[in-house]
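S.K.: As a plain string of letters, each chain reads:
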Amino acid sequence: QIPIDASWGKGIRVEAKDSSFSLKLGLRFQTLYEGEKYLESGNWNEQLLIRRYRLKFDGYAFKPNIKYKMELGISNRDTRSGGVDEIGHTANIVLDAVVKWEFTPGVELWVGQTKLPGNRERVVSSQNMQFVDRSLVNSRFNLDRDIGLQLRAVQGSGVVFREAFAISMGEGRGVVVDNPDNGRQYTTRFEVLPMGLFKSKGDYVGADIERQPSPKLAIGVTYDYNKNTPRSRGNLGSFLMDTDNNFIYSDLSTWLVDAVFKYQGLSWNAEYAHRSSSDEVAGFGYGKGFVTALGYVFKSNYEIAGRYTTVEPIGVNSSIGAAEEYTLGFSKYIVGHSLKIQSDVSYMDTTNDYIRFRVQMELAL
Amino acid sequence: QIPIDASWGKGIRVEAKDSSFSLKLGLRFQTLYEGEKYLESGNWNEQLLIRRYRLKFDGYAFKPNIKYKMELGISNRDTRSGGVDEIGHTANIVLDAVVKWEFTPGVELWVGQTKLPGNRERVVSSQNMQFVDRSLVNSRFNLDRDIGLQLRAVQGSGVVFREAFAISMGEGRGVVVDNPDNGRQYTTRFEVLPMGLFKSKGDYVGADIERQPSPKLAIGVTYDYNKNTPRSRGNLGSFLMDTDNNFIYSDLSTWLVDAVFKYQGLSWNAEYAHRSSSDEVAGFGYGKGFVTALGYVFKSNYEIAGRYTTVEPIGVNSSIGAAEEYTLGFSKYIVGHSLKIQSDVSYMDTTNDYIRFRVQMELAL
Amino acid sequence: QIPIDASWGKGIRVEAKDSSFSLKLGLRFQTLYEGEKYLESGNWNEQLLIRRYRLKFDGYAFKPNIKYKMELGISNRDTRSGGVDEIGHTANIVLDAVVKWEFTPGVELWVGQTKLPGNRERVVSSQNMQFVDRSLVNSRFNLDRDIGLQLRAVQGSGVVFREAFAISMGEGRGVVVDNPDNGRQYTTRFEVLPMGLFKSKGDYVGADIERQPSPKLAIGVTYDYNKNTPRSRGNLGSFLMDTDNNFIYSDLSTWLVDAVFKYQGLSWNAEYAHRSSSDEVAGFGYGKGFVTALGYVFKSNYEIAGRYTTVEPIGVNSSIGAAEEYTLGFSKYIVGHSLKIQSDVSYMDTTNDYIRFRVQMELAL
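Chains as they are written, first to last, in this note's numbering: chain B, 194 to 558; chain R, 194 to 558; chain E, 194 to 558.
In case anyone wonders, no lab produced these hints; they're calculated from the structure.
Everything numeric in this text was worked out from a predicted model, so none of it was measured.
Any given hint might turn out to be false.
As the list claims (entries may be wrong) - With the Cβ distance kept under 8 Å, some of the chain B side facing chain R (calculated, not the full set):
no., residue
1, Leu242
2, Ser268
3, Lys525
4, Leu558
Each residue gets a CB set at the ideal place from its N, CA and C atoms; glycine is no exception.
Given the sequences, and given the hints that come with them, work out the whole structure.
M.R.: Below, the structure is given as structure tokens:
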């Protein structure tokens, strides 16, 4: 048995005395119950599953300014995206495999596979979400993970600015075939934090469990151009083919604008997304969406939160369906986002209306 | 290098000094050779494979009364059950992902995916088996793992009673589709240990390697009702469909009765299983079976053991075939069940008789 | 947090104070960019992917002379070989699962799945390669991994001799079906090191990053007989079937001869391979090949290296295509083979000539 100094929440971390490397092990899983009552048919559909199961290794190697992150997704929902030829018809396990080199203070070069600098809701870890899961705006318009290079910079202390620029292959994580038609993806993001940094990196944590002692605001804008992608939503969605089994392509332009405000347990989030193309090819996910959420964490670490979401297609051939969703969430953060129970109930107004009830337990070491 | 106090068999365990969590890492694999001589055709079929390869994380989180277990099965035999649509057509890696909350002394609530409180032979870890593998009664009638809630209680010290009750989804581990027709599974188990607790939890360890200093007996009875399952053996087996690709269902009732006795190296086990339904639907695994085993561990940690198994179908449309098996096993427990070599030879009396020889090596950290 | 004495490169290792076991954790991944310019069509094909992602556990158990190695390959390129019925139609994750018992000094018995004693280029870890990847001679003729028994011995100190003999199933790693037609594989290897052992086991490390202080040479010869294999290249390649879906077999004889010389940063390697059969069955990989490489590591840990490769079929029905390849490699070993960037450019003279450019980053803990 190895007694260690750290307490839970800090993770299990080893560091070489000569500062030649560090390694932190993270382990977590989510058990999700989801039931949907379809209002027209009266049908009740339900699922109970291990929604996410993750193993994470991060730290630094050689020098503290060379960091790495290696995250694996192991549940069947995490890995089943690999069941197509382009992703090797195998379990798609590797989420992150990236090296982050801070070659000059405040500027990092990232090499490998990880999340693109897209909308805030996506970049917030699935461990740290305010509701049981991300919104429909995120699932339709997020940029997900990809493999490539990223340049990330941060400046300022009173007012903080962050910039990110990425070049990636454009078809998402785990692709093992040639880059179709060599169409790459270009992502640019700007962020401004006019009231300075959030306590405990709270701008990328759902719910104000940190109870920010002073008001904090962050605004982000991402523009993404995904040239010649054959996937319906760029980095995600089906690989689209014509009747001769050749890829069909579209050049996708995506705007993602988001804001978060937090103060003493109160949090407000909003995101706007817009994906379009000069060539509207049938089957691609052109559309726009808006989501906003308001929540309050009581001192007892119970939270109540509400969310409104709307998405709609652009053009007549989009794969995006129109929907409006109203969500009310209740959470109990037993040990922050490391041991929590979250539930929400939603009314979905779409072609086949339903009421959805979900409850999820998260355990993270 | 980190020198640690513990010796092998205790596992590699870290614990926070403030008792906010503990983590134990377990690693193990089995290398199995299996050869079968078919008596009529004279054919010799053989396999050599990594039978099981497991990674296990367990411990407590937040408080010592909140335990977790996260076990992964990684060999191809462990993961290939995921190759159907209902399990995501991906590697079915996650075995256990469960939180066990002892909310009052002696009573635990389990949430997540793990073994159901079924027959003893199944609940004994595959690391701790007396023979190379479990019996035919187990493979035909066990309840395996499922996802849901379990309530577990224990009382008494002279005479010990244990009770378990589970509600689960009913189709086994790793299912990612909606619960078919919402038919849940209900499992109840009672155990009595009239001579008190076994040393080193020996009632759930194959072979009396603990050499119980006084005679110990445990008797268990499980009743399971799996409503509207489309799988031939409830939590296991094919998903059955009609010619229009709609699920076919049956309501399965299963009785499982087992007993184990151990004393100074001697062990005796017996199990009876019975699965039936009010509606006998073609293709489901209705049937009954009985297995009994007797073994003796010499002080040199060699063991000789014998096992008799019989299974037979109920009704004319069962997927269970009649079989009788006679098994003789020899084992050498080098370091208990952590480093051992086991072999057995069986005569199988079924529609196509064969003699089977197996030898297996287990290494467990 | 656990402060540890070791520095990076030694890995993260725990050892019990009573010497009952040790465990070393290894983690690594490679990010590979590969672009090919086809000279006739002018097409440019490119890939960027996580080429390898590995988790490794090794150490000793019970006594220091019982060693184990458990390595997992997790990237989609590592696991996709499992997508055939014979390998379970699942992710083929387990690379090594082997116990090595030194039952008498200098002689080890290996049980389980690991690399066969084949050509040096294959046995050198993919972490320790001199170029971005192994040569065409290796990909066409290597013996890869298999499951079975190996006997390994070493003698001498001035002049060192090594012998290895293996019996294995003959169809490669992860097979879950019966051994086709019971045709086993027999491998024998002899090595001589006339100038004694290399510093830091440099005979199985690509590039002379150890800067051998005195000249060192190693010569190896392997003969392999793979009886009744249905795979085109023995342990690798397609499972060949006739039009009735019965396996087609061939008895493959393979000779592998290799040599390595190293001195003060200079390294020279050469390998010859020859695979034939008395029965030339259409679709099997009969052929021969030769590769030689010369490299020099500067004291700044930059390396320049060149490689010439040629392969050609034997007979008219071989699955091997004729090819000649000229490769020029540049590497920077930042922390030996644990943090490095490698690149190479190749001209491939085959039925469809191309120039290939590759760059790869390796991070290994």
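S.K.: Provide an ascending list of the numbers of those earlier hints which the structure does not satisfy.
M.R.: Violated: hint 3 alone.
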